[in-house]
Each structure stands twice: as C-alpha cells, then as structure tokens.
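All chains, please: the whole structure from these sequences, using the hints.
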Amino acid sequence: MPGVIGQPLDRIDGTLKVTGRAVYAYEQQVENAAYGVLVTSTIPKGRITAIDTSAAEKSSGVVMVMTHLNAPKLAGLKEQKPSPVTGRVIQAFQDDLVRYANQPVALVVAETLEQALEGAHLVGVKYAVERHAVDLDGRISQAYEPPKAGGQQEPSASNRGDMKSGLAEADQRMREVYRTPFEFHNPMEQHATIAVWDKPDHLTLYDSTQGVFSDRERVGHVFSMPSESIHVISPFIGGGFGSKGPVWSHVVIAAMAAKQLSRPVRLEVRRPQMFGPVGMRSQTRQELAIGAKTDGSITALSHDTVCQTSSFDEFVETASLSARRLYTAPNNSTSHLLIKSDIGQPSYTRAPGEAPGTYALEAAMDEMAYQLKMDPIEFRLKNYTDSDPNEKKPWSSKSLRECYRQGAERFGWSNRTAEPRSMRKGNVLVGYGMATSIYPTRRSPANASARLNGDGTLSVDAGTQDIGTGTYTVMTQVAADTFGLPMTSVKFRLGDTDLPKTPVSGGSQAAASTGSAVYLATQALREKLIQMAISDAQSPLSGVSAQDVEIQNGRIFARSNPSKGEALGQLLARSGQPFAEGKAEAKPGSEKERYSMYAFGAQFSEVHVDADLGQIRVARHLGCFAAGRILNAKTARSQLLGGMIWGVGMALLEEGVMDRRLGRYVNNNLAEYHVPVNADIGVIDAFWVDEKDEHVNPLGVKGVGEIGITGATAAIVNAIHHATGKRVRDLPVTLDKLLV
Amino acid sequence: MKSFTYIRAATSDQAVQSYAQAPDSRFIGGGTNLLDLMKMGVERPSHLVDVHRLPLTQIEEHEGGVRIGALASNTEAANHRLIRERYPVLSQAILAGATQQLRNKATCGGNLLQRTRCYYFYDPTYAECNKRNPGSGCAAIPGYNRIHAILGTSSSCIATHPSDMAVALMAIGATVQVVGPQGARSVALDEFYRLPGDTPQIDTNLHSGELITAIDLPAIPYGRRSVYLKVRDRNSYAFALVSVAAILDMEGGTIRQSHIALGGVAHKPWRAALAEKHLKGKTLDADTLRAAAEAELKDATGYTDNAFKIELAKRSIVRAMTTAAQMEVA
Ligand SMILES: Cc1cc2nc3c(=O)[nH]c(=O)nc-3n(C[C@H](O)[C@H](O)[C@H](O)COP(=O)(O)OP(=O)(O)OC[C@H]3O[C@@H](n4cnc5c(N)ncnc54)[C@H](O)[C@@H]3O)c2cc1C
Ligand code: SF4
Chain A
4 MPGVIGQPLD
14 RIDGTLKVTG
24 RAVYAYEQQV
34 ENAAYGVLVT
44 STIPKGRITA
54 IDTSAAEKSS
64 GVVMVMTHLN
74 APKLAGLKEQ
84 KPSPVTGRVI
94 QAFQDDLVRY
104 ANQPVALVVA
114 ETLEQALEGA
124 HLVGVKYAVE
134 RHAVDLDGRI
144 SQAYEPPKAG
154 GQQEPSASNR
164 GDMKSGLAEA
174 DQRMREVYRT
184 PFEFHNPMEQ
194 HATIAVWDKP
204 DHLTLYDSTQ
214 GVFSDRERVG
224 HVFSMPSESI
234 HVISPFIGGG
244 FGSKGPVWSH
254 VVIAAMAAKQ
264 LSRPVRLEVR
274 RPQMFGPVGM
284 RSQTRQELAI
294 GAKTDGSITA
304 LSHDTVCQTS
314 SFDEFVETAS
324 LSARRLYTAP
334 NNSTSHLLIK
344 SDIGQPSYTR
354 APGEAPGTYA
364 LEAAMDEMAY
374 QLKMDPIEFR
384 LKNYTDSDPN
394 EKKPWSSKSL
404 RECYRQGAER
414 FGWSNRTAEP
424 RSMRKGNVLV
434 GYGMATSIYP
444 TRRSPANASA
454 RLNGDGTLSV
464 DAGTQDIGTG
474 TYTVMTQVAA
484 DTFGLPMTSV
494 KFRLGDTDLP
504 KTPVSGGSQA
514 AASTGSAVYL
524 ATQALREKLI
534 QMAISDAQSP
544 LSGVSAQDVE
554 IQNGRIFARS
564 NPSKGEALGQ
574 LLARSGQPFA
584 EGKAEAKPGS
594 EKERYSMYAF
604 GAQFSEVHVD
614 ADLGQIRVAR
624 HLGCFAAGRI
634 LNAKTARSQL
644 LGGMIWGVGM
654 ALLEEGVMDR
664 RLGRYVNNNL
674 AEYHVPVNAD
684 IGVIDAFWVD
694 EKDEHVNPLG
704 VKGVGEIGIT
714 GATAAIVNAI
724 HHATGKRVRD
734 LPVTLDKLLV
Chain B
3 MKSFTYIRAA
13 TSDQAVQSYA
23 QAPDSRFIGG
33 GTNLLDLMKM
43 GVERPSHLVD
53 VHRLPLTQIE
63 EHEGGVRIGA
73 LASNTEAANH
83 RLIRERYPVL
93 SQAILAGATQ
103 QLRNKATCGG
113 NLLQRTRCYY
123 FYDPTYAECN
133 KRNPGSGCAA
143 IPGYNRIHAI
153 LGTSSSCIAT
163 HPSDMAVALM
173 AIGATVQVVG
183 PQGARSVALD
193 EFYRLPGDTP
203 QIDTNLHSGE
213 LITAIDLPAI
223 PYGRRSVYLK
233 VRDRNSYAFA
243 LVSVAAILDM
253 EGGTIRQSHI
263 ALGGVAHKPW
273 RAALAEKHLK
283 GKTLDADTLR
293 AAAEAELKDA
303 TGYTDNAFKI
313 ELAKRSIVRA
323 MTTAAQMEVA
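Protein chains in written order, with our numbering: chain A, 4 to 743; chain B, 3 to 332.
These are calculated hints, taken from the structure and not from any lab test.
Among the clues, some could well be false.
Claimed, not checked - Think about it this way: if two alpha-carbon atoms lie no more than 27 Å apart in a straight line, the pair counts; the simulated DSS-like pairs of lysine-lysine are:
{"no.": "1", "chain 1": "A", "residue 1": "K129", "chain 2": "B", "residue 2": "K282"}
{"no.": "2", "chain 1": "A", "residue 1": "K729", "chain 2": "A", "residue 2": "K385"}
{"no.": "3", "chain 1": "A", "residue 1": "K20", "chain 2": "B", "residue 2": "K107"}
{"no.": "4", "chain 1": "A", "residue 1": "K504", "chain 2": "A", "residue 2": "K494"}
{"no.": "5", "chain 1": "A", "residue 1": "K740", "chain 2": "B", "residue 2": "K300"}
{"no.": "6", "chain 1": "B", "residue 1": "K4", "chain 2": "A", "residue 2": "K61"}
{"no.": "7", "chain 1": "A", "residue 1": "K590", "chain 2": "A", "residue 2": "K396"}
{"no.": "8", "chain 1": "A", "residue 1": "K343", "chain 2": "A", "residue 2": "K81"}
{"no.": "9", "chain 1": "B", "residue 1": "K4", "chain 2": "A", "residue 2": "K129"}
{"no.": "10", "chain 1": "A", "residue 1": "K61", "chain 2": "B", "residue 2": "K41"}
{"no.": "11", "chain 1": "B", "residue 1": "K279", "chain 2": "B", "residue 2": "K300"}
{"no.": "12", "chain 1": "A", "residue 1": "K504", "chain 2": "A", "residue 2": "K84"}
Claimed, not checked - Under 8 Å between C-beta atoms, here's a sample of chain A residues computed to sit facing chain B:
{"no.": "13", "residue": "G23"}
{"no.": "14", "residue": "K167"}
{"no.": "15", "residue": "S168"}
{"no.": "16", "residue": "R620"}
{"no.": "17", "residue": "L665"}
Please read all numbers here as calculations on a predicted model, not as lab measurements.
Glycine included, each C-beta is placed from N, C-alpha and C at the ideal position.
Structure, rendered in structure tokens:
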C-alpha cells in the first residue's frame, strides 16, 4: 500500500511551534496561579541549621515560604528505595539534610515571578557543612559493584572465555583509560509544572514530562492517592533527553505548595538550578583493553567502567554494555562500578551508557586499527558478528555491513591517507575518522484507540508524549495509512492521562510501542467496521467475505467489485451509534527471548584543526543507519542529526565543570555550558539503508531517538587523531588539549 | 528581582540628574547584561535610568576620525560604512561577539561596561568574590579558572574583561566621552579601564553617575590592514579564550608601527605595548613576531586551569600579525 508512512512530511505541529502558539506546561492559562521559585543549597553536604524566612515573608507579594520546618511530611517520601525506572529518590523538604549542591531547600511562592525571585533571594540559609566527596579519580577503592545495570536490567558484569589467555595469544595489545565528564541534558524548555488541586482529593498537573502515566503513578504514591485521582497534561515538551522521564522534586514541591495554599502554583526550575536536581550523565572512567592477531582478529576485549551515583539513589551509566556484543571477541569481559558521591542523582541521558560507551570502545578500536596498520573499517569487518555473542541469539536484523559500505562510499572514505597528519592543507590539519553506532530496540506495553466519527474523520488517541521528536506527526501517518485516509482527516491526541495508557517516551521506544498500538487499534476499528458491514442486511456488502472487503478514503467496498460498497458514514448512521471505536494494546511478545534486537550504524567525520591554535571544526559529518522501518523520513532524519550533533557536543564542548573544592558546577548556564551551534559544524547528513525487520514489533521500527549519538563522538575524536597525531582520551577535546 | 523605579530619559542631562536622585541607580542601555545580572541578584538597583532612546546613535566623521554615539547598537557600529572601511578590526571584533540578536539590542556604551563572566562573580550564592563583595576573597584562584586572566592579575582578582569590541577599540586607541554631575570630560580607553589591584570591585575610572555619550576613534591612515582573531571553544556565541586585535603599518617588509591589543587575558583589554615596541622598525618574519609575543607575555602568570592561555596568546599574536601582513590592502 503506497501510503504516507515513510514520507518526509512536515510535522503537523510545526506551524504552531514556530508561531509560538504551541502551549507548553509553564504557559498554560490557569486562573489565580501563584508563582513559585526554588531556593537551592549552596553546599554539597551538611545540615541546615537555620533558615531565616522572615525577610522573604515580608517581601511584597510573597504568599508562602516552604521549608523542611513547615512542609507537610509525606508518607510516600519516607524510606524511598533506589528506584525503578522512573521513580527517582527525591528530596522535598522532609528533613534538614543536604545531600548535594543545588538541592531544593525552600520554595517561595508569590503573586508574580519577580516577587518570588526577590523572596527567594531574601531567604537566608545556615548550614553545618560536612566534608564532601565528589571526585571519581582517587576514590576508585570505594567503588561497589551494582548487581544489575541499565534499562534492560542486565547483569552489570559479564565474562566469556578468558581475557588473560586472550591477551596472551594476541600479537598486538592496547590498554587505555578514557574519560567523559558530567554532561547535562539542558533541554531548551526548562522543567516546569503547574499544580492544581481541583478538589481536595484530585490533582491536575500540567507538567513537562516524558511520561504522563509514570508521572501520575509516582506522584500518586508520594501523596498516597490512587493514580486515577491525578490528571497529567503534557501536550508539548521542549526537549527532555531523558531528564523529564523521572519525577523530580519540583513536581512534588509544586503540588505540596498548591495544596497548602489551596491555590494553583506554577514552578519552573531555573536554568542554573537544572545542574543537580534533575539528573545528568555521570562522569565515567572507562578502561579498554584489546588484544588482536596480526590479521586483525580480536582475541580479547574488555571494557570496565567506573561511574558515580548519588549517596541516596542508584543509577549506572552502562557504558560497557556495547562491548559485550559488538564484536566477536571470543574472550571478553565487562564490568561497571559505582562510587557513591555527594552529587545530584545521575540518570537517563540520551543513549545512557551507549553514548559514552561507544565513544571509548570505538576510540580504542581505532587505536588498535592504527597499531595493526589496518583500515579501521576492515578491522571492524574482520570482527563482525552475525549473531549476538553475548546472548547467543540471532539478531532480529543487522545491516551494519551495508552501513559501513554505503557510508564509506558516500563519505569518500577512500580519499583518506592512512598516516596521521598526512592530509594537511596549509594551517589546517585535516582528519577522517569513523566509528560504529549501536542502540538497543525495545518496546513496552502501549494502548491506543481509534474512532470513526459521523463526519467520516478519524480520532486517534494515545496518552503518549511528543518530546519534540514528531510523535504527533508519525502517529497520524500510521493511523492514516492503516485506515486509508488522508492525513487531514485524522486527528491524533496525546499527552494526557485521560487517554489510553502508554509508556514513557524514552529509550527510543515511543514509535515502536505507541506506533504499534495505534496501528493495532486502527486495524481493530477496520475489522469492526468490516464485520458491521458484512453482517448488516441493509449493507451492500452484506454476506461478502471479510477478506474481500477494503476500506479506502472513507468508503467500504468489495475488492472484487469496487462499485459494491458505501460511505463509512452511511454504515455508521444505520448502526445508530455516534461513532465506532477500535481499541488495542500492543505488548512485547516473545521476540525478546528469541532475538537480540539492535539498531546499528556507521558514522564518518572530517575535522579541520588549526595547526597552531588547536581550534577544531567538524567540516563534514555523515551517519548511515539501519533502524528498521522509517516512519517519516524528515522527522527521523532530524532525530538522527540531533543525536549526531549531541555527539559533536560530547566530543568537543560539553562538560559540567565541578569546582571540586566547593562541590558545585560552576558553568551552570547556556552561555558557559557549551552545546554546539551551527558555526561549529559544516555539512552534516544522515541516511539509512533499507531494512525490514519482521521480529521487533508489528510496525518493524527500531527507533531513531538515540542511535545518532552513539559512535558520533568516537568518529570525531578518531578524526582529530588522524588530523593531529594526538590521542586525547579525556572528553571534551578542547583546543588547550591539542596545544601541548 | 528587587523592585525598582524606572524612568526613560529624554536628554543626557535628564539622565544624569535622574541617576543622582536615587541611592542606587543604574543606566540601562540594551539591558543584555544588566538584566541578566539583576535576575541573578548580582545587581540590585533601586532605580533604572533608561538611556536607550537618547539621540546618541550617530556614527559620523569627527576631527578626522570617527565618533560613535554611545547608544548606537553593536550591529549598527559593526555594519557602518565608516567603520567597515576605516576600522575593519572593530567591525570584525563586534561581529565576533555574542549573537545577532544580542548585537541588535546591545549598545556600544553598554558593551564597554559589561561585567566579567567569572562564574563566581555571576552567582551571588558564592560566598567569595572580591569584585562582588569586597574583602570576601577570590573563589577563582583556588577554584576553576580556565577562562581567567594571565596578565595584570592580583591576589584579589583574576577576572577578565569579556568584551571583544573593547579590544579592537584599545588597539585603535579610542577615547570615551562622558558627561556627569561634574560636567563633560573625555577619557582615553587605556585610562578608562583598570587592573584589579586590591580594588577589583571597581572596573573602570568612571565617576559615579557618569554617562557615556560617545566613543571617538582617531584617524588611522593604515587602519585597513587590521585583523581581529578570536580563539574560543565554540565557533559562535562564546567569549574569547584569547583574542588579538592587530593593526599594522608596513613599509615593504618592514614594520613602521603596529597596534596590538589582547582580549581574554586581563582585567582590561590589554594593549601589547611591549610587543609593539619590539616590532617597531623590524622586518616582519616569524621569528621576530614570536620574539615580540614572548616579550609581551614575559610576566604572564598561569593558574591551575588557564596556563595554556600563555602559549595560546603568543601563537595568536603571531597568527594575527601574519594574517594582517599578508592582507591585500587597496
Ligand atoms: C549570552 C551572551 C553572550 C555574549 N557574548 C559576547 C561576546 O562573545 N563578546 C562580547 O563582547 N560580548 C558578548 N556579550 C555581551 C554583550 O556584548 C553585552 O551584554 C552588551 O554589549 C551590553 O550592552 P547593553 O547595551 O545591553 O548593556 P546594558 O546591559 O544595558 O548595560 C551594561 C552596563 O553598562 C551600563 N551602561 C549602559 N549604557 C551606559 C551608558 N551610556 N553610560 C554609562 N553606563 C552605561 C549599565 O548601567 C550596565 O552596568 C554576550 C552577552 C550574552 C548575554
Ligand atoms: S576572579 Fe575576581 S570576579 Fe572572579 S571570584 Fe575572584 S574576585 Fe570575583
């Protein structure tokens, strides 16, 4: 069926967004809402010994100051456990302990934002400071091994064969340590919530969240309320990148304040406050060892990661996972260690684990390729696996070989001369680098409904979120194609817990999970209508076999005789119902037991480095991906490019700089925490190879939200080495590291 | 944000008068720096005198040079024919700063007075910062100081002046026109800015309540042979790690004279007088340039995270001067 799925359609909410009419959480019109501003801790560890709120309380417009001294104690915040996927341990004024810098310690609520800001400025907090520990290096002896790691809850360590003998039989060996810094999501839209208690036992939250349902469950648990008593609304989200998956303290604090005041409260986490209380990517120390034969076959590969978690919760940046399965490596071991630290809780950050992990793994692979004097692609092909060596299962599909081939061809990889510094042009050192991308394909149970209305239009609902990725658009495409209607006759709603239940938009699973549900619900509606028609004596299709009935453009007719049929509206009118509805739940089946499911890709980068000044520019960057079926060529490309640009940031710019003496991040704003801008990148492009995967889910999609960042960083850093002959292993590669 | 009163001044005199009437006044130009500082609670004025609409936006010929009205926007100055033709280094410097949107809003007077981007200064919840809170100490010296100064520092403060425009103006040798309660006066830019010494809380030698009305550029007949080189982590929308404004007067292969100013290295835009002196009358070649750069940076001090700036500044001087020398100038 040649339909709209796959086409490069503009996003249907595009005009709303560029004209400022898309209403985000903080902008919702809520009558009589007061403004909250958080006061956050300025020390990383200690106790609050006194809070002077008197000046703030007297300040004009201030209606309330909430601290641990007057905040209600919530049963749901007692004895929180290191969390399941979205319920992080949070602090909401339950005690006097300060566990990290920027922890919320007070909330000032006022009539206007400016008044609340002033009130917050006037709150005086006194602390008994305790010695803090925020470093990673130097504290490795204190690290512990978490039993499980990652969204799939895999064992945190793995072993096959014997590393020692694998290294012994190698002709070439390398062992290096790679470091990545603290990195912050920094979505354009700051975290924001408006809490409205419509009734004493019913709460509405306008929340910028990646998961409306997980949001209401967690908040319900905190307030000891059934989740049905909480209504979460989130029609537009200005980026999340994982940070808006969990419920953080500000959401609960906004609801506490609204309850206390019997008045709606708006609360936005200010940009500098987003460095600590709303998650980040932990810094990592990754040790890679590779042994290989002269012919390039890897005899041993190990990847050991040390990262940090807070003192009160646990999250593992699962950087070592990819090394378990990307290459044959008969002898292989991987591990993760955690160091408890006086920092805000690290959490899911775009391609958690895989982003820093593919950096170190693919940089090490590059080093070994140079050591072997082998082309980096050849080296990877030599160790290509046709099944998952870790799980000993076949891949559901894997087109990585094609990615290497087509990517290399389009990039012009063959123009590379192997020797580092061999492509210099005047003051400019030119370098080529490449790396592999890999990201797991997952899905979770999701529901959707599809209604045919009397006017012939289709209303499709799923509670899911559009975090800027194009969910509105691709779901409309799936429904339109499945039902044989033009896009304009389909209205898709999302971002609301009154709609059918769906999972968090994270882990690149929204399209796979909710897309499958939309597909199945629309199919269910089709089948229902076909049954109605063939069993309706008044229908021209009465008695026709269901296999022979088709629905297209609002008409239901017999395939064998298309003139035999009627408008769907007529069929519906006769039924006496205002609408007909199909519902479905799409659940993961046994595919996970049978297959190992991953998206793959190959990335290529050309960098230009100023030979004297060390300034680096990504002149060209290209990614070729294999990610199953692509639902919308335009939004998918944008997502892939967005991921790749994150890779540029990770390679060259991003670093949450901790003043270790004070335990605080000093560059807590977008002027000093650098993310890439247009001028940093010349030509960037992404494309994909055709891939049909019949196992992953009914739609055959693998998700494109995160694969783009994996491997991007390594491709750039490898290109920098090729350009300069220098291996900088500690990210980001800033110019000072090239001057020496 | 603290409540404040606000007046939009119609004339410079009215602005100066209104400023003097409140204990804690600030002029506001484009507001691109002042409002940020107010939101952060670093600046807490009780009275704002909006000078944005004052008719001081002309850019015109003046005594053989050019006068830039203090309220001309950064964009207007950068794109003005007189500036582009006679002082390309200034045009380049302005365009290397901030973003188009910010430059549209920012004024030339405000640009001169923008405050340091030192992290510890910008956030009043840091207890130590002598510039913000005299006597409290300097958090940057024992802290993170990658963006800080290497020249003219003191044990009280190692902050840099962040402006790009001012670096070019320093090379040009501009003069600042001001009017205040005591009347009008002019101050050479080199005298306008200060080193931190033990009073880092005072950025400039402006007197309280003085309004900048214009910036005067002297005639520089050889001004077209000029280059602004900005070295930074991100290729746009980032402050300089090191920048160089260079103007070169050549006679054949010989340097008749040069103007060199450095940004990102000191509490003020740094006129590289030692390097200029070293180069005067010499044949321009790589070794001479390097020796001049060495002379200028001889007394530079590196701190924990910014020592790389010393070598970077030297290489940047060499690069900027080499580029200027190679320019085709009509
Ligand atoms: C994110 C960001 C990035 C930036 N990047 C750069 C960069 O790369 N390079 C760069 O050079 N700059 C950069 N800037 C700074 C920008 O150039 C300045 O903010 C701007 O030039 C200030 O001008 P303004 O008119 O807005 O000043 P305002 O904010 O209005 O005022 C600044 C100060 O000057 C005083 N003032 C204003 N006008 C007068 C006057 N006529 N007389 C006396 N006092 C006056 C005010 O009282 C205040 O103290 C950046 C700014 C931002 C926000
Ligand atoms: S360098 Fe200057 S501005 Fe920065 S903390 Fe020290 S005293 Fe304050």
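Take the C-alpha atoms of K740 (chain A) and K300 (chain B), compute the straight-line distance between them, and say whether it is at most 27 Å. Holds. K740 (chain A) to K300 (chain B) sits at ~22 Å (cutoff 27 Å).
Run the distance test for K504 (chain A) versus K494 (chain A): straight-line Cα separation, threshold 27 Å. OK: K504 (chain A) and K494 (chain A) at ~18 Å, within 27 Å.
Tell me if L665 (chain A) is really an interface residue toward chain B, meaning its C-beta lies closer than 8 Å to one of theirs. Holds - the Cβ of L665 (chain A) comes within 8 Å of chain B, reaching about 7 Å at its closest.
Status of the S168 (chain A) interface restraint (C-beta, 8 Å, chain B): Given a least distance of 44 Å, the restraint on S168 (chain A) is violated.
Is the Cα-Cα distance between K4 (chain B) and K129 (chain A) 27 Å or less? holds (22 Å)
Agreement of K4 (chain B) and K61 (chain A) with the hint, judged by alpha carbon distance not exceeding 27 Å: holds (13 Å)
Distance restraint between K729 (chain A) and K385 (chain A), which requires alpha-carbon spacing of 27 Å or less: holds (26 Å)
Holds or violated: K504 (chain A) with K84 (chain A), Cα cutoff 27 Å? It holds: about 25 Å lies between the C-alpha atoms, which stays within 27 Å.
Is the hinted pair K129 (chain A) and K282 (chain B) satisfied, with a Cα-Cα distance of at most 27 Å? violated (59 Å)
For a C-alpha distance cap of 27 Å, please report whether K279 (chain B) and K300 (chain B) respect it. holds (14 Å)
Under the criterion that the straight-line Cα-Cα distance not exceed 27 Å, is the pair K343 (chain A), K81 (chain A) satisfied? holds (21 Å)
For a C-alpha distance cap of 27 Å, please report whether K20 (chain A) and K107 (chain B) respect it. holds (24 Å)
Taken one by one, the earlier hints fail for this structure at numbers 1, 13, 14 and 15, listed in ascending order.
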